[in-house]
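The listed protein sequences derive, respectively, from chains Y and X. Read in order, the letters of the first sequence are residues 1 to 417 in my numbering. Read in order, the letters of the second sequence are residues 1 to 417 in my numbering.
Just to be clear, a hint being listed does not mean it is correct.
Any copy will do: because identical chains look the same in the list, a pair fits if it lies in one copy or spans two.
To be verified - Straight-line Cα separation of at most 20 angstroms, SDA-like style, residue types lysine to any residue; simulated pairs:
| no. | residue 1 | residue 2 |
| --- | --- | --- |
| 1 | Lys228 | Pro299 |
| 2 | Lys141 | Pro229 |
| 3 | Lys288 | Pro299 |
| 4 | Lys288 | Glu143 |
| 5 | Lys141 | Val80 |
| 6 | Lys228 | Gly30 |
| 7 | Lys288 | Asp123 |
| 8 | Lys288 | Glu122 |
| 9 | Lys228 | Gly177 |
| 10 | Lys228 | Leu375 |
| 11 | Lys288 | Ser144 |
| 12 | Lys141 | His378 |
| 13 | Lys288 | Pro6 |
| 14 | Lys228 | Leu35 |
| 15 | Lys228 | Val27 |
| 16 | Lys288 | Glu28 |
| 17 | Lys288 | Gln8 |
| 18 | Lys141 | Arg180 |
| 19 | Lys228 | Glu143 |
| 20 | Lys141 | Ala154 |
| 21 | Lys228 | Pro77 |
| 22 | Lys141 | Asp129 |
In short, the hints are calculated from the structure, not lab data.
Number of protein chains: 2
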Amino acid sequence: MSPDRPLQDVSQAVELVRRHVQPGATVEVGLSDALFRTLAEPVFCDVDYPPFTRSLLDGYAVQASDVVSADGAPASPAAVLDVVGQIAAGAVAAGEVGPGQAMQINTGAPIPPGADAVVPVEDTQPADDGRAVRVLRGAQKGESITARGTYVTAGREVLLPGTWISPLEIGVAATAGATRVRVYRRPTVAIVVTGDELVDVDQVPRGAQIRNSNEHILDALVRQSHCKPVRLGVVSDDRAAIRAKIEAALACDVLCITGGVSMGEFDFVPEVLSELGATLHVHKMATKPGRPTIFATTPTGRAVFALPGNPISAFVGFHLLVSVALARLQGRQPAQHREIVATLRGPVPAPGDRRSFQPARAWLTAQGRWEAEPLSWHGSGDPFGMATANALVMRPAGSPPADAGDEVMIILVTHKG
Amino acid sequence: MSPDRPLQDVSQAVELVRRHVQPGATVEVGLSDALFRTLAEPVFCDVDYPPFTRSLLDGYAVQASDVVSADGAPASPAAVLDVVGQIAAGAVAAGEVGPGQAMQINTGAPIPPGADAVVPVEDTQPADDGRAVRVLRGAQKGESITARGTYVTAGREVLLPGTWISPLEIGVAATAGATRVRVYRRPTVAIVVTGDELVDVDQVPRGAQIRNSNEHILDALVRQSHCKPVRLGVVSDDRAAIRAKIEAALACDVLCITGGVSMGEFDFVPEVLSELGATLHVHKMATKPGRPTIFATTPTGRAVFALPGNPISAFVGFHLLVSVALARLQGRQPAQHREIVATLRGPVPAPGDRRSFQPARAWLTAQGRWEAEPLSWHGSGDPFGMATANALVMRPAGSPPADAGDEVMIILVTHKG
Chain Y
1 MSPDRPLQDV SQAVELVRRH VQPGATVEVG LSDALFRTLA EPVFCDVDYP PFTRSLLDGY
61 AVQASDVVSA DGAPASPAAV LDVVGQIAAG AVAAGEVGPG QAMQINTGAP IPPGADAVVP
121 VEDTQPADDG RAVRVLRGAQ KGESITARGT YVTAGREVLL PGTWISPLEI GVAATAGATR
181 VRVYRRPTVA IVVTGDELVD VDQVPRGAQI RNSNEHILDA LVRQSHCKPV RLGVVSDDRA
241 AIRAKIEAAL ACDVLCITGG VSMGEFDFVP EVLSELGATL HVHKMATKPG RPTIFATTPT
301 GRAVFALPGN PISAFVGFHL LVSVALARLQ GRQPAQHREI VATLRGPVPA PGDRRSFQPA
361 RAWLTAQGRW EAEPLSWHGS GDPFGMATAN ALVMRPAGSP PADAGDEVMI ILVTHKG
Chain X
1 MSPDRPLQDV SQAVELVRRH VQPGATVEVG LSDALFRTLA EPVFCDVDYP PFTRSLLDGY
61 AVQASDVVSA DGAPASPAAV LDVVGQIAAG AVAAGEVGPG QAMQINTGAP IPPGADAVVP
121 VEDTQPADDG RAVRVLRGAQ KGESITARGT YVTAGREVLL PGTWISPLEI GVAATAGATR
181 VRVYRRPTVA IVVTGDELVD VDQVPRGAQI RNSNEHILDA LVRQSHCKPV RLGVVSDDRA
241 AIRAKIEAAL ACDVLCITGG VSMGEFDFVP EVLSELGATL HVHKMATKPG RPTIFATTPT
301 GRAVFALPGN PISAFVGFHL LVSVALARLQ GRQPAQHREI VATLRGPVPA PGDRRSFQPA
361 RAWLTAQGRW EAEPLSWHGS GDPFGMATAN ALVMRPAGSP PADAGDEVMI ILVTHKG
């Protein structure tokens, strides 16, 4: 590796991830397990929908000609119709509706033979002790009736492959009779943390030690991305140990390894990746933080991300690159442009010669616009200043400092609600 | 219940939910289980952070006075210093750095005694076969050094109660040594679906039957809200059966029951709720769809939502009201204003006398603005037209029709990634 290798622009790096990571394997699952996955095969509806001609509302099924005058206006005096029965949702009418007759009907219940319109209950009055009904307005033929198959006819494709399954798509699949669907498998993501200085969270760091927070952050990020984390623990700054751990990690779809990628003498990760025949597509990014970020693919098609050992730099690298790979593996359309315009509520320093990402707390105003308050943050070594951040203020290299009131682009980094 | 009872404005209804639903019980969990929950007690950091004075980058620890001239400019000729050792992250220096000396140091490693600045490796050249280093620029005292406790001193509160725990907060808690944290319990949500017309998804509907999609949609919505669904199945349109089911459901924190709330003769839910001593806060909302929506609380403090039997109306009611209750129970700050300005990419009809919600597909443009394409949708009886929706176009009652190019308010209803 050469320290002179040029820094990669973020959008080029994202493009390289998109190009080199392909959708993963698929699996058939029960409908409930399909939530937050991507459909790999279409869903067809096996029946007409609605499956029968039905009432849109609670009211009376009538013959429209009984309740209008010849000119289409309400009958005058108001029509009084004999009530010949009632139909609840789920029931089928015992008889039919003839001229001068009405049948009480509930929302969703099948229209009885003979009727061709439904008058809402609000536009009626009971008459003759409930044995009749006075209809206070006219009705068009077909009014408040939904014919069988109006929305979908049997055999139609109702969900396309590539659809992300949210609760609404669960509802569509359930209505279509799809008890099982084929979706993309949840990728497994190995998490390896390098560094002789790391101790567990339940230890008190002594001397030159610090706590291993990276493993916890990455575990959470992987779960937030609907993937399965596989924690492989801490590996010391030893070339053979790192190689063994990386080889083990390649049983997973993706490897995230933190530390060991800057220019220090003990940074073996890039060398080991080369030894294993991996192709390095991204080596250093023109970002601050997050410069020493590697994206590589192995001969067996695994994606490897080596992120900076600094937790915040690792977090930024995950959002910029790893999240794109995890979306691709799950068969998602390339993620939509995630930068949003926001008005600053405080100053942001000039970024210098690399694109900068600054933690911020962003919110929507009552007018539906975004505002962003930069957090008090001491730089990428400071994990505490990132607490409660839900956005990164993104500033292009070479920009001037920005101040309260300026419009900037932000990236939302977490679902807060 | 009176059919003349006035329709409730949505924002009043939301306010009633906020007022009558209080944060739930709390529980202590391992850090990993705290993701996507709300902190109920503060997290304190048990150590200084950083826990020792450390290097910000890879380079050489030096005495600043060795590498600058008296006027603070780089030493001329460039200083050549003896390399007296190296310190990796996790190691403590064996000796100290004296005048004319330098020690190679890695990012995050402790500053050796005697040194008071770090020069980045990029600004140096090896000399004397690596036994010495040529320093090409000057350095300020303290440069690229982070003193122990710069970010946090031991005992400081680093996460406040009420904080939503995303991956960043997991990182903060891990750094602070919090292996267990106290969070709000995940609420349990009973799901009951009423209707004699309902059959399971794996059945083919006959006669007046339709499939029970509501249970699946609600199950998914509850999971999306980080709560635990408890499916209690379908209950027929029978007063005693509905009462028994509602009583059983009140073991959960929240009950969502669909159907049985419009004005038909077979709609027993409001009556049963009154019998059980529940207070009805919201009975009908001035929304389209979603008018027959009930919010009630029981004498034992359970929140009950009776939603329309129509799946899409139930979906809208869940987003407008139930989601607010679930956030409150989980100790969340009142949800931020979730309406966003978007530019329409197609027409939306006039809403009439109730606030209307129309499914749409929304996306961010490269300029960071939202656009929304209304979906082809036949109205609230049509579950298929909602597929792939990620937003609802919200139009105030009495608005004129809106067209492509108009700015409207939208509500995002699902995370698409």
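We went through each hint and held it up to the structure:
Taking the shortest alpha-carbon separations for Lys228 and Pro299, neither the intra-copy value of 22 angstroms nor the inter-copy value of 42 angstroms comes in at or below 20 angstroms. Proximity of Lys141 and Pro229 under a CA criterion of 20 angstroms is satisfied in neither setting, with 60 angstroms inside one chain copy and 43 angstroms between copies. For a Cα distance limit of 20 angstroms, the shortest separation of Lys288 from Pro299 qualifies neither inside one copy, at 31 angstroms, nor across copies, at 55 angstroms. Taking the shortest Cα distances, Lys288 and Glu143 sit within 20 angstroms of each other only across copies (18 angstroms), while inside one copy they are farther apart (63 angstroms).
With identical chains, the CA atoms of Lys141 and Val80 are at most 20 angstroms apart within one copy only, with a shortest distance of 18 angstroms there and 98 angstroms across copies. Taking identical chains as interchangeable, the C-alpha atoms of Lys228 and Gly30 lie at most 20 angstroms apart whether they share a chain (18 angstroms) or sit on different chains (18 angstroms). Proximity of Lys288 to Asp123 under the C-alpha cut-off of 20 angstroms is restricted to the inter-copy arrangement: shortest distance 19 angstroms between copies versus 67 angstroms within a copy. In this assembly of identical chains, the alpha carbons of Lys288 and Glu122 lie at most 20 angstroms apart only when taken from different copies (17 angstroms versus 64 angstroms within one copy).
For a Cα distance limit of 20 angstroms, the shortest separation of Lys228 from Gly177 qualifies neither inside one copy, at 29 angstroms, nor across copies, at 25 angstroms. In this homomeric assembly, Lys228 and Leu375 never come within 20 angstroms of each other (Cα to Cα): the closest approach is 31 angstroms inside a single copy and 34 angstroms across copies. Taking the closest pair of Cα atoms, Lys288 and Ser144 come within 20 angstroms of each other only across two copies (15 angstroms); inside a single copy the shortest separation is 61 angstroms, beyond that limit. Within a single copy, Lys141 and His378 get their C-alpha atoms only as close as 71 angstroms, which misses the 20 angstroms cut-off; across copies the closest is 18 angstroms, which meets it.
Taking the shortest alpha-carbon separations for Lys288 and Pro6, only the intra-copy value of 15 angstroms comes in at or below 20 angstroms, while the best inter-copy value is 57 angstroms. For the homomeric pair Lys228 and Leu35, the shortest alpha-carbon distances inside one copy (15 angstroms) and between copies (14 angstroms) are both at most 20 angstroms. Taking the closest pair of Cα atoms, Lys228 and Val27 come within 20 angstroms of each other only inside a single copy of the chain (15 angstroms); across copies the shortest separation is 25 angstroms, beyond that limit. Taking the shortest alpha-carbon separations for Lys288 and Glu28, neither the intra-copy value of 42 angstroms nor the inter-copy value of 37 angstroms comes in at or below 20 angstroms.
For the homomeric pair Lys288 and Gln8, the shortest alpha-carbon distance inside one copy (12 angstroms) is at most 20 angstroms, but the shortest distance between copies (50 angstroms) is not. Taking CA atoms no more than 20 angstroms apart as the test, Lys141 paired with Arg180 passes in neither setting, with 40 angstroms inside one copy and 66 angstroms between copies. When the C-alpha separation of Lys228 and Glu143 is checked against a cutoff of 20 angstroms, the pair qualifies neither within a copy, at 52 angstroms, nor between copies, at 41 angstroms. In this homomeric assembly, Lys141 and Ala154 never come within 20 angstroms of each other (Cα to Cα): the closest approach is 26 angstroms inside a single copy and 78 angstroms across copies.
Within a single copy, Lys228 and Pro77 get their C-alpha atoms no closer than 70 angstroms, and across copies no closer than 56 angstroms, so neither meets the 20 angstroms cut-off. For a Cα distance limit of 20 angstroms, the shortest separation of Lys141 from Asp129 qualifies neither inside one copy, at 28 angstroms, nor across copies, at 98 angstroms.
Comparing the model with each earlier hint shows violations of hints 1, 2, 3, 9, 10, 16, 18, 19, 20, 21, 22; every other hint is respected.
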